[in-house]
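As you go down the protein sequences, you meet chains V and B in turn. Heads up: the first sequence is residues 5 to 218, going by the numbering used here. Heads up: the second sequence is residues 5 to 218, going by the numbering used here.
No wet-lab data here; the hints were simulated from the structure. Quick caveat, the model's predicted, so the values are computed rather than measured.
Note that identical chains are pooled: a pair holds if it fits in a single copy or bridges any two copies.
The calculated lysine-lysine pairs, modelled on PhoX-like cross-linking and capped at a C-alpha distance of 20 Å, are:
no., residue 1, residue 2
1, 47, 14
2, 208, 177
3, 47, 82
4, 82, 163
5, 177, 148
6, 8, 163
7, 64, 163
8, 83, 47
9, 8, 64
10, 28, 8
11, 163, 14
These are the residues of each chain, in order.
Protein chains: 2
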Amino acid sequence: MQEKFPITDKTEITRLPKRGVYDKVAVYSILDEALVCTLAYSKDGQPFQIPTGFCRIDDKLYLHGSVGSFYMRELAAKKNPVCISVTLIDGLVLARSAFHHSVNYRSVVLFSEAELVTDKSILYNALEVFTEKMCPGRWADVRKPTDNEWKATMVLAFKINEASAKVRTGPPKDDDEDYAMDVWAGVQPLKTVRLAPEPDPLLKSGVVLPSYLK
Amino acid sequence: MQEKFPITDKTEITRLPKRGVYDKVAVYSILDEALVCTLAYSKDGQPFQIPTGFCRIDDKLYLHGSVGSFYMRELAAKKNPVCISVTLIDGLVLARSAFHHSVNYRSVVLFSEAELVTDKSILYNALEVFTEKMCPGRWADVRKPTDNEWKATMVLAFKINEASAKVRTGPPKDDDEDYAMDVWAGVQPLKTVRLAPEPDPLLKSGVVLPSYLK
Numbered sequence: 005m006q007e008k009f010p011i012t013d014k015t016e017i018t019r020l021p022k023r024g025v026y027d028k029v030a031v032y033s034i035l036d037e038a039l040v041c042t043l044a045y046s047k048d049g050q051p052f053q054i055p056t057g058f059c060r061i062d063d064k065l066y067l068h069g070s071v072g073s074f075y076m077r078e079l080a081a082k083k084n085p086v087c088i089s090v091t092l093i094d095g096l097v098l099a100r101s102a103f104h105h106s107v108n109y110r111s112v113v114l115f116s117e118a119e120l121v122t123d124k125s126i127l128y129n130a131l132e133v134f135t136e137k138m139c140p141g142r143w144a145d146v147r148k149p150t151d152n153e154w155k156a157t158m159v160l161a162f163k164i165n166e167a168s169a170k171v172r173t174g175p176p177k178d179d180d181e182d183y184a185m186d187v188w189a190g191v192q193p194l195k196t197v198r199l200a201p202e203p204d205p206l207l208k209s210g211v212v213l214p215s216y217l218k
Numbered sequence: 005m006q007e008k009f010p011i012t013d014k015t016e017i018t019r020l021p022k023r024g025v026y027d028k029v030a031v032y033s034i035l036d037e038a039l040v041c042t043l044a045y046s047k048d049g050q051p052f053q054i055p056t057g058f059c060r061i062d063d064k065l066y067l068h069g070s071v072g073s074f075y076m077r078e079l080a081a082k083k084n085p086v087c088i089s090v091t092l093i094d095g096l097v098l099a100r101s102a103f104h105h106s107v108n109y110r111s112v113v114l115f116s117e118a119e120l121v122t123d124k125s126i127l128y129n130a131l132e133v134f135t136e137k138m139c140p141g142r143w144a145d146v147r148k149p150t151d152n153e154w155k156a157t158m159v160l161a162f163k164i165n166e167a168s169a170k171v172r173t174g175p176p177k178d179d180d181e182d183y184a185m186d187v188w189a190g191v192q193p194l195k196t197v198r199l200a201p202e203p204d205p206l207l208k209s210g211v212v213l214p215s216y217l218k
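Just chain V, with the same shape it has in the complex (with noise of 0.2 Å):
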């Protein structure tokens, strides 16, 4: 593939140029690290958000929900242009001074339109790649959808047509002078962890965690 997004107008990162990342691999690894994404959609000038889980396969991202779900339909019929964003947090950033406080992060916004899936292979997979990103080894462990399931399931694919990521990375840059203050700086990092799992109240007797849990 490419290794590269080009930079288009919608892409590329103006407002500290620096921070901007192109590359197709760094891009696709803040997407496979994020549970979730917004989506938003315009309709007559008026912005609206999803907030939604996500899964990515090669170069699309595909989401799903209830075949009843409104927004879904419209994005499918419509083919509105969509944009999709994802942030990662990893570090608040405590300058010596106030003016330059931040935030380490690692931030992706993309723009595609929604495509209806049909074919039943890609179908099937996107909701096995979706389930393992959340817990990878539950797939083969549980009960698959039965046909009435998968008619009530609807999945859009959005192909990242135009990308770009947005991160920052290290301690705090102060001001020159500044370096000489009596004030504590660095960053202290932010992470997301996963604690033990809680049995459900209604689980089986005799059902023991599985070994990709614990």
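Got chain V sorted already, so can you dock chain B onto it with the hints?
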């Protein structure tokens, strides 16, 4: 204040309406816990998104940026309708069936338009609240903005005109017949934790970690 946001065409939760929350205290508490929001606006039918830090004071959100920020100047000048969302992920909901897998989350979607903050006392207060939200105790410790830094900073206020939250909590809900399956089910909680602060490599010798960061 009124206790609930009115339910409007834009804020009514139509998918899984039992997850809809319109109570102001609940909506505000989700906003206050989230470090970043996603702001969406539309330009000639094309939606755009900006992930950004923010804080809430009373019934307004405050975002800040550089006076050189193109999108902030546009929003302030044109009063485009905006949609802002935040999402907190509390856990992975692991059901016995793939179909009933879900996520415990708390999200807010709200609608507003930008208002340029020119009153210095509001502007100063917003930056202080923003810094204190990021790191309680920090404001008193750091060098305050100079006149030139204030002049380089733009703050936009967004009155929370219409808002709703969507919240899922609790264990998985499986189909009745699936509860007899030998499949582990429950919730894996997710939590964002603050790790031990990492000093700036250029930290002045002898400056110790402040008590509010311990």
